[in-house]
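Visitor: One-letter residues, chain by chain:
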Amino acid sequence: MHSVGRSFHNLWTVFRVEFTLFFVSPIVYFVGGVWLLFFGVFFLISLAAFNQGYEPTMAYMLNTMAFLVMFIVPALTMRLVAEEVRQGTHELLLTAPVRDWEVIVGKWLAVWGVMTVFILVSFVYPLFLILRGNPDLGLMASGYLVFWLWNGAVLAVGVLASSLTQYQLVAFIVGEGISLLLFLANALSSSSLIKSELVNNVLSALTLSSHQTSMLDRGLIDPVDITYFVGLMAVFLFLATQMLGTRRWRA
Amino acid sequence: MIQVEGLTKYYGPFKAIDSLSFHADAGEIVGFLGPNGAGKTTTMRILTGYMPPSEGRATIAGFDVFEQSLQARERIGYLPETVPLYKELTVWQYVDYMAALRGMRNPNRAERVDEVLDRVEMLDRADSMISSLSKGMRQRVGLAQAIVHRPDVLILDEPTIGLDPRQVREVRELVREVGQERTVLLSTHILSEVSQLCSRILIINKGQIVAEDSPATLASRLQGTTRLSVRVGKATPKEVAKAIRGIEGIDEVIPTDEGVEVISSSQADPRSAISATIVQKSWELLEIHSVDMSLEDIFLQLTTDETMDEEEDQDA
Ligand SMILES: Nc1ncnc2c1ncn2[C@@H]1O[C@H](COP(=O)(O)OP(=O)(O)OP(=O)(O)O)[C@@H](O)[C@H]1O
Ligand SMILES: [Mg+2]
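These protein sequences, in sequence, are chains A and B.
Residue 49 in the numbering used here is what sits at position 68 of the first sequence, and the numbering runs on without skipping anything.
Count along the second sequence starting at 1, add 1117, and that's the number in the numbering used here.
Hints were generated in silico from the structure; no laboratory data involved.
Glycine residues also receive a C-beta, built at the ideal position from the N, C-alpha and C atoms.
Each hint can be trusted.
Computed from the model, here is a short list of chain B residues facing chain A with C-beta under 10 Å:
{"no.": "1", "residue": "G1166"}
{"no.": "2", "residue": "R1190"}
{"no.": "3", "residue": "K1204"}
{"no.": "4", "residue": "L1206"}
{"no.": "5", "residue": "Q1262"}
Cβ-Cβ distance ranges computed for the label pairs, FRET-style:
{"no.": "6", "chain 1": "A", "residue 1": "D117", "chain 2": "B", "residue 2": "F1183", "range": "53 to 59 Å"}
{"no.": "7", "chain 1": "A", "residue 1": "Y41", "chain 2": "B", "residue 2": "F1183", "range": "53 to 59 Å"}
{"no.": "8", "chain 1": "B", "residue 1": "T1199", "chain 2": "A", "residue 2": "R(-3)", "range": "21 to 27 Å"}
{"no.": "9", "chain 1": "B", "residue 1": "E1298", "chain 2": "A", "residue 2": "L17", "range": "55 to 61 Å"}
{"no.": "10", "chain 1": "B", "residue 1": "E1184", "chain 2": "A", "residue 2": "F219", "range": "20 to 26 Å"}
DMTMM-like mimics (lysine to aspartate or glutamate), calculated; alpha carbons at most 25 Å apart, straight line:
{"no.": "11", "chain 1": "B", "residue 1": "K1252", "chain 2": "B", "residue 2": "E1290"}
{"no.": "12", "chain 1": "B", "residue 1": "K1355", "chain 2": "B", "residue 2": "D1368"}
{"no.": "13", "chain 1": "B", "residue 1": "K1252", "chain 2": "A", "residue 2": "E64"}
{"no.": "14", "chain 1": "B", "residue 1": "K1204", "chain 2": "A", "residue 2": "D81"}
Using the sequences provided together with the hints, build the complete structure.
Guide: Here's what the structure looks like:
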């Protein structure tokens, strides 16, 4: 009845409208502006370093940006579900013949699409390195891949945060909080606050840096790391779908 | 098309609807009538798959609205009570989005969006931002999204609210047209609307159906009933009520501020007996005339009697 083709149609339908909606709201331009500003600063810093004869590498910039996206990205996702609930438009989505997960994933793909546009803009930087120096292209590609996947995961966290509440500000703060935990979980384990080795291992397995370093610094693409990012996305999108579903009971 | 059996919904401990049962067939326009808080919106939200019932079941074209929700939703067009609109989309984008969500594909979809916007007289505003529309226009856009995919079942929660008289007529025309082959369930407070449009009326009060019939039958239920308004000088309404209460053929006497209201369902006209009694008491008969009972009266009678009964129960 509900075929794969229909799911694609529904995902595309939600994606298309959400993507359009991003560019009519001022937030995306604001976020884009902040993004470019930070980006410009790193560019200048790296340029100075490069002129002093350092290796042309992306690791420093991508690592810092991975930290910054946690503060930028929830501004894009906070609206996605919360505003539907506040405006009552979720009643249309929940009574249309689409599945809850198609709505959530469609929205997430749209915001990831927007983020991808931002990332593409930042390709000016590697382009500069390629023109001026002789960088390791593989390292560059794997660095960008891990950064892109991390963005997808943080966006999934943001979508979940947005589905918890009808207040955008709450969604923003919760989204930041959860991603920060992912970023800093190993700080807890290294703090010797927690004695259990098992808990420490789990915490560090959940932490971003355990999965980004090899791709960023050594250009190694390990299936375990890819699974980490895909797993994060799947888990948070699943939870967001469940939360959207509870609106039927919380009505 | 719509089949509802023993539908019950609790909000927490509060029972909003109480084992509703009814059905609506293809080619039927069914009116849902009831005072504020009767449970109309709640029932519609269950039928459209927005929320599950607490007990009982409902089917749309044979598909359970909860168990086979997608198939049921596939066949429904729904205009919620507060029209949900994406204010940052244009009218055209919005209706196109809703059509796509209901599974319509291009190129047919684009054509159909134009057609339906023309039908609700919004085609000239197709490229306007929804945020710039007036309330009535928004209502019409809401209606457009409900019918765009030609649903088998159309569920409209107070569709003519906020429309100007000409648009009200247009919308009723449209509902009548859709209702020729499909099933329409609409809720309203406007009694003339249901009597003009609907083949069947469900009067719902406090979550229960208190009457279900065609407008004509409902009206004729009161045909045998006459209501008299009596005004008398030199006596208080209470005294008058006491004096005429015993007269044969009188069912009920209600003292009002100005006089008394008499309800009678017998064939014999009690008017002469009433005036004789009043003359005998040497009071002055100022006025006695019969009041037409309308759908409005049925509605008020059915929905207020209930309340009074309950209050008496509580007193006892
Ligand atoms: N989300 C909710 N939570 C708790 N109670 C609710 C909720 N929605 C409705 N109710 C209650 O259920 C009852 C029925 O409400 P409903 O909205 O179905 O009435 P209605 O017939 O549509 O009224 P109206 O004519 O005012 O639109 C009311 O007493 C209302 O207070
Ligand atoms: Mg209502």
